[in-house]
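Line by line, the protein sequences give chains A and B.
Per my numbering, numbering through the first sequence is continuous, rising by one, with the last residue being 247.
Per my numbering, numbering through the second sequence is continuous, rising by one, with the last residue being 221.
Rather than coming from a laboratory, the hints here were simulated on the basis of the structure.
Here the structure is a predicted model, which means the values were calculated and not measured.
All C-beta atoms in this analysis are idealised placements derived from N, C-alpha and C, irrespective of residue type, glycine included.
Just to be clear, a hint being listed does not mean it is correct.
Subject to a maximum C-alpha distance of 30 angstroms in a straight line, what follows is the list of computed DSBU-like cross-link-like pairs (lysine-lysine) [said to hold, decoys possible]: (1) Lys-16/B - Lys-135/A; (2) Lys-84/A - Lys-218/B; (3) Lys-135/B - Lys-135/A.
Output of the computed footprint for chain A on chain B, the stretches with three or more beta carbons under 8 angstroms from beta carbons of chain A [said to hold, decoys possible]: (4) 44-55; (5) 143-149; (6) 207-214.
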Amino acid sequence: MNNRPMLEIVSLQKRFGENLILRDINLKVARGELVFIIGPSGSGKSTMLRCCNRLEEPSEGDIILDGRNIMSGTSRDLDQMRLKVGMVFQGFHLYPHMSVLKNVTLAQRKALGRSADEANARAMDMLDRVGLAEKANAMPSELSGGQQQRVAIARSLALDPLVMLFDEPTSALDPELVGSVLAVMKDLKSKGMTMLVVSHEMEFARETADRVVFMDGGVIVEEGAPEEIFGAPKADRTRAFLSRVRR
Amino acid sequence: MQSITDQFFNLTIMAKTLPLMLSGLWMTAQLCAAVILLGLVGGLLVALANISPRAWLRIPSIVFTDIFRALPPLVLLIFIYSGLPFAGVEISPFAAVALAFLLNNSSYYAEVYRAGILSVGKGQWEAARSTGLTKAQTLSSVVLPQAIRNVLPDLLSNTVEVVKLTSLASVVSLSELLYNANMARSITYNASPLVLAALIYLVILWPVVRLVSRFQRKLAA
């Protein structure tokens with residue numbers, strides 16, 4: 001088993017016009033590690049996550065995925081790389097004109113080149129894993145938000161990613177639906193998936209995260225084990241943020 | 001009263017000129033098939049250029065849509081059919097109509113497609129691209145199916161306009177429905193063939209117009 005990081009963010013900078021959104025971010029995520037990112041809105045945490053599969057184009061710096069720099073290479077390489085980085089969005093973004101099953105098979109067929117049988121079998125496995133095998137033929141509009149998000153997770157998992165990125169996966173959900181999505185994420189973690197999670201679910205972070213990263217103003221202010229960050233934060237900014245979200 | 005019926009609703013004359021009208025209708029149908037297909041395909045290409053991040057594609061396509069929406073289609077048609085021969089370019093009536101309509105319609109269809117593509121949220125693009133789909137795959141499998149569904153009433157009502165506009169082809173002596181009706185009128189000294197042509201257009205297009213209204217109401221609901 002090699003111990004080089006699964007994902008490494010090196011000197012990442014992101015500028016929008018004059019605004020420097022990310023200033024020199026460095027972060028290593030080990031295999032099977034769940035890194036949980038917290039911070040006030042506008043701190044750059046979502047932007048950082050979106051730079052990891054170049055949905056947002058970094059202004060400077062490198063993103064190393066399993067030893068390969070995703071900043072170099074052709075657009076074909078970029079598409080291949082994106083297959084290996086699963087992404088789950090706040091707004092689910094299922095394809096509304098396709099059944100649940102087709103949502104999960106589309107990229108398997110088109111981007112991975114799997115046969116219909118292979119893709120269907122894999123999709124059913126993944127839907128089973130998120131507890132929605134019986135909804136395979138439903139349309140997304142017939143599902144609750146929590147169910148849609150779990151299908152979105154299955155859609156990414158079906159491509160056998162090395163890393164899963166979660167961008168506020170439960171923020172758009174009614175409170176009673178949050179648990180089912182977090183349970184799926186917890187299960188993923190226990191099966192050894194490497195995960196980078198931007199979220200406000202502090203309770204989940206405390207129980208599941210290996211490491212918590214606090215970002216503010218485009219920099220990583222502090223990082224450490226959940227008990228350190230939540231129990232004894234060193235930086236004033238971290239303390240101030242945590243007292244605000246706890247209230 | 002008798003004379004109005006004789007002049008406009010003369011069934012004997014309508015029956016006698018029916019074969020001529022039907023052959024005109026057949027030409028109109030062929031013309032519609034050609035110009036609708038050209039417009040749908042040309043419009044899609046122009047729309048894609050229109051939303052392209054590449055300036056060398058986007059700017060010419062914007063100029064194209066602006067010019068051909070501003071230019072009266074009849075002016076365009078007569079120029080292509082009667083003007084171009086002065087430059088040594090002889091063109092058949094059918095080809096002239098097809099070309100004029102391609103230029104005119106694709107700019108209108110392009111605007112409809114563009115609105116449809118823009119109505120599909122950025123999240124759909126991002127979700128698809130994040131799973132490794134290329135831009136072309138994202139467009140064809142994810143964005144366009146939704147875009148077209150969102151603007152189906154507008155595509156349909158634009159198509160109604162296109163069908164009506166094919167009657168312009170009569171000015172370049174293409175023997176479509178209106179041309180043949182007008183010819184029948186001059187042969188019989190009677191307006192009934194023109195009334196018959198109008199009725200044929202109505203019978204064909206009325207249901208489509210109804211359908212558009214129903215779609216629009218359904219989408220608005």
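Status of the hints after comparison with the structure:
1. Lys-16/B - Lys-135/A: violated (62 angstroms)
2. Lys-84/A - Lys-218/B: violated (41 angstroms)
3. Lys-135/B - Lys-135/A: holds (29 angstroms)
4. 44-55: violated (count 0)
5. 143-149: It holds: at least three residues are needed, and the segment 143-149 of chain B offers 3 whose Cβ sits within less than 8 angstroms of chain A.
6. 207-214: That given contact is violated, which follows from only 0 residues of the segment 207-214 of chain B lying within Cβ reach (below 8 angstroms) of chain A.
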